[in-house]
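Novice: For the sequence shown, full-length UniProt numbering gives the first residue as 1, with consecutive numbering after it.
Hints may contain errors.
To be verified - Taking CB as the label site, the calculated pair distances span:
no.	residue 1	residue 2	range
1	A27	S70	47 to 57 Å
2	V236	K97	51 to 61 Å
3	G65	E7	44 to 54 Å
Unchecked claim - In silico DMTMM-like links for lysine to aspartate or glutamate, alpha-carbon gap of 25 Å or less:
no.	residue 1	residue 2
4	K235	E257
5	K97	E7
6	K71	E122
7	K209	E219
It is worth saying that the hints were derived from the structure and are not from the lab. The beta carbon of each residue, even a glycine, is placed where N, CA and C say it ideally should be.
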Amino acid sequence: MEVCSLEPEIYLQRFVEQGSRPHENRALDGSRPVTVSHQPIDGTASALVSVGSTRALASITLLIGVPEISKPAEGDLEVQVKFAPFSSMQSSIGSRKPAERAQSIGATIRDLILRGGVLDLEALCIEKHRYAWGIVLDVVCLNDDGSALDACLLAAVASLKNTHVPETREEPDGSIVSLPPSNDVSSPPATPLSQGSLVALTCGICVGKLITDPAYEEEKASPASLTVVVNHAGKVCGVLKSGSETIGQELVLQCAELCRKRCLSVAPLLLRQQPQVQG
1 MEVCSLEPEI YLQRFVEQGS RPHENRALDG SRPVTVSHQP IDGTASALVS VGSTRALASI
61 TLLIGVPEIS KPAEGDLEVQ VKFAPFSSMQ SSIGSRKPAE RAQSIGATIR DLILRGGVLD
121 LEALCIEKHR YAWGIVLDVV CLNDDGSALD ACLLAAVASL KNTHVPETRE EPDGSIVSLP
181 PSNDVSSPPA TPLSQGSLVA LTCGICVGKL ITDPAYEEEK ASPASLTVVV NHAGKVCGVL
241 KSGSETIGQE LVLQCAELCR KRCLSVAPLL LRQQPQVQG
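Produce the entire structure from the sequences given, and follow the hints as far as they go.
Specialist: Written as C-alpha cells, this is what we have:
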C-alpha cells in the first residue's frame, strides 16, 4: 500500500518540507478562489459561498419577539449550523461528529459576529421592554472540502450585510406588525442591518509551516490548525487553535497577514452586486 494511505501525516510532511502540497497545485501560502452568490433562495436575505469546493449556504429569518428582561433594549441572534448528509468523507447519517462540530462552529460564528462589530443587538430594538427583532441565521455546509468555518462565516456575514429590518406598526390591539417595503422612489434607501465585515482564514500547521486554506485531505492530515479572523479594518477579532503541534506567535502573525489580504479581495463580494467572483 502507498504511504499516503497508510500514514497521511508523514506523506503530507514530506511535501511540506519541500515547500509543496501533495494533493493540490498551489503554493503553501496560496488560497482557493472565493465566490459569493446573493439571494440564491427566497427569504429575507441569503448567500451561497464557495471557497474552492467547500460550499456554505446561509439564510436569514426575522421574527418579532419580546426582549430579555436583563437586556430590554436588545434583540437576539440565533445561529444554527448544519452539515448536509455526506457533505464530507466524515459525514454519515446518524453520526454525532458532524452535529457536534456544527454546534461548535455555530457558537463561534455568533460570538465572532457580536464581538467583531458586524451586528449591534440594540439596532434590533423596536420598543424598549416590549418588542425587538430576533434574527435566526441558518447556515448549511453543503460540501466540506476543508476550511468549513471560513465558508460558513462568509456566508453568514454576506447574508447579514444584505438584511434590512422592515418598518413596523403597532395595531389597535397592541400587537406589532412589519410593513412591506415602500414603493415610493423618493424614499431614502433602507440602511443595511450590518455595516461591518469579518473574514476568516484557516491554515493547517505541519513541520512549523502554514498550509493556507487547506483542502479536506490536507486539513485531516495536519497535526494542528490555526484560524485567524479579521474585520474590514484589518483588526484581528479572533484566533482559534487546535491540534497537537505548538503554534508560535510568528505563525499567528503570518496567518493574520494572509487573512488581511484575503479580506481586501473578499470584502467587496459581500455586498449584493455583480459579478461576485474573487480569484
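Novice: Each hint needs a verdict: does it hold in this structure or not?
Specialist: Consistency of the hints with the structure:
1. A27 x S70: 47 to 57 Å: With a Cβ separation near 50 Å, A27 and S70 satisfy 47 to 57 Å, so the hint holds.
2. V236 x K97: 51 to 61 Å: 29 Å, violated
3. G65 x E7: 44 to 54 Å: 53 Å, holds
4. K235 x E257: Distance of about 10 Å is within 25 Å: holds.
5. K97 x E7: Holds: K97 and E7 sit about 22 Å apart, inside 25 Å.
6. K71 x E122: OK: K71 and E122 at ~9 Å, within 25 Å.
7. K209 x E219: Roughly 13 Å separates the two Cα atoms, so the pair holds.
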